[in-house]
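K.L.:
Residue-level listing of the chains:
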Amino acid sequence: MELEQIFFWLLAFGAVFTSVLVVLPPGGKNPIFGALALIVSFFFVAGIYVLLVAHLMAALQIMVYAGAIMVLFLFVIMLLNLSRRELGEESKTFTQGLGATAMLVIAIKAIVLVEATADGISKRDMALSDGFGTVEAVANMLFHDYLFPFELAAVLLLVAIIGAVVLAKRTL
Amino acid sequence: MPDTVVNLVDSPALGVLIGIAGVMAALTVNVLFLVWLERKVSAWIQRRMGPTEVGPFGMLQTIADMLKLISKQLITPRHVDKPLYHIAPVFVFVPVVAAASLFPFDEHVSLQNLDIGLVLVFAFGGLGIVGIFMAGWGSNNKYALLGAMRAVAQNISYEIPLILSTLSVVLMVNAMGDANTNGMNLAQVASMQHDKGFWFVLVQPVAAVIYFIAALAETNRAPFDIPEAESELVAGFHTEYSGMRFALFFFAEYSNMFIVAMVATVLFFGGWSGPLLPGAMWFFLKTYAIVFVMIWIRWTFPRLRFDQLMSFCWLVLIPLSILNLLVTAFIARAV
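Chains as they are written, first to last, in my numbering: chain E, 1 to 172; chain W, 1 to 335.
Just so you know, the hints here were simulated from the structure itself, not pulled from any lab data.
On a predicted model such as this, the values are computed, not experimentally measured, just so you know.
Where is the CB? At the ideal position from N, CA and C, for every residue including glycine.
Any given hint could turn out to be false.
Just some of the chain W residues that point at chain E, by a computed CB distance under 7 Å [to be verified]:
1) Leu-17
2) Ala-21
3) Met-66
4) Leu-127
5) Trp-137
6) Phe-284
7) Leu-285
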């Protein structure tokens, strides 16, 4: 196995493991611990981006998700000040069983995808065009090739922001 | 492409290891010097003597302090959230070392020369806040939690003008250079200023001022040191830490100061460019000059109130930096 593939499996395992910690934190429900585990999981995903020569994506993943969005998540959790009672007791119901089954099916599907990615990483150098993953290439994609969907997403975010302000602040 | 330390050694893994060790050693010495400088400058401003006993001009005082901190017992309060409490200092410390390894110290000397250098510096810079949050939450102490909440709110807000102001420099570099120029490559920004013969602070004075103010807030320096306001919050998020764990927070704080000063040097003050002296010397002279101004400001201005701090950011700095970016974009397009 190549060094890069070993790295990939380490990162992939780390990403999956920390993602499981997000929903199943040790020692009962703990939203803060879950959010912190999600931050660590973003790191592993950023590492996989680096292996795929998408360096800008990796840096943005850390800056935007781990550094900004998740910190806002933590802030909200802190302000909510949830008590143990409000979080509810653990219970195993039919829906949870159904959810677990769905997860299992998705996981099997995901393993196939993951193996394809691991394969792709070893062959990536042949398939890449010049300047792949640079700021310029990403900007060309976003602001030229896919300008309309990009602007649409921007409008959607704007609507969400205004909606949040209107809902939270009834008397402006 | 300048020679990087990673390229000089045959094996990349070994190069990275040497680089990390070098950066950590340099940062440690640097922090010891900065703490001494801060104490001396504050003493000078307040007409005191400052440290005088240990070594010439008290220069070895901080080394003695560090030895004390290393040998101190690590006290873990009983009520803390153990995993978070233990990881937090590491989470604050590691991004600082990573960010510090990205700068071009001279025309051909840098540890890593990356095309996304500027983005990465801010990515790592934004991460320290997670560690501060962990410390505040994990300490299970109301002062620590309040300090962490203030730090989070402040850092998230001031990151926006900080990044927007540097973006206008990036735009300008791209407009002035040829097709291969990349304004996010720190080495290229510095050499562009060397080639053109002027510092970017002259063409981007608004961006430079916004950057400096936002950087003060980002590093929790006075007059924006509300997260650790000692008259209200004991010591803010690191109230419950002692010994080497506290030292790691201290280390990160002073190194962060140094990092934002290095970014300012590269983006606005020509990096290593300068006459007579070797480039690295100029680089560090400029950086220490900026750090000196930061210390000077801390001991001159009183602390702001929290609402003043937030409204200043959202109502003044952010609109101003967006306007500056827009004007720069139009001019860059026209030229």
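K.L.:
Each hint: holds or not?
P.N.:
Tested hints:
{"no.": "1", "hint": "Leu-17", "in the structure": "violated, 15 Å"}
{"no.": "2", "hint": "Ala-21", "in the structure": "violated, 21 Å"}
{"no.": "3", "hint": "Met-66", "in the structure": "violated, 29 Å"}
{"no.": "4", "hint": "Leu-127", "in the structure": "holds, 5 Å"}
{"no.": "5", "hint": "Trp-137", "in the structure": "holds, 6 Å"}
{"no.": "6", "hint": "Phe-284", "in the structure": "violated, 26 Å"}
{"no.": "7", "hint": "Leu-285", "in the structure": "violated, 30 Å"}
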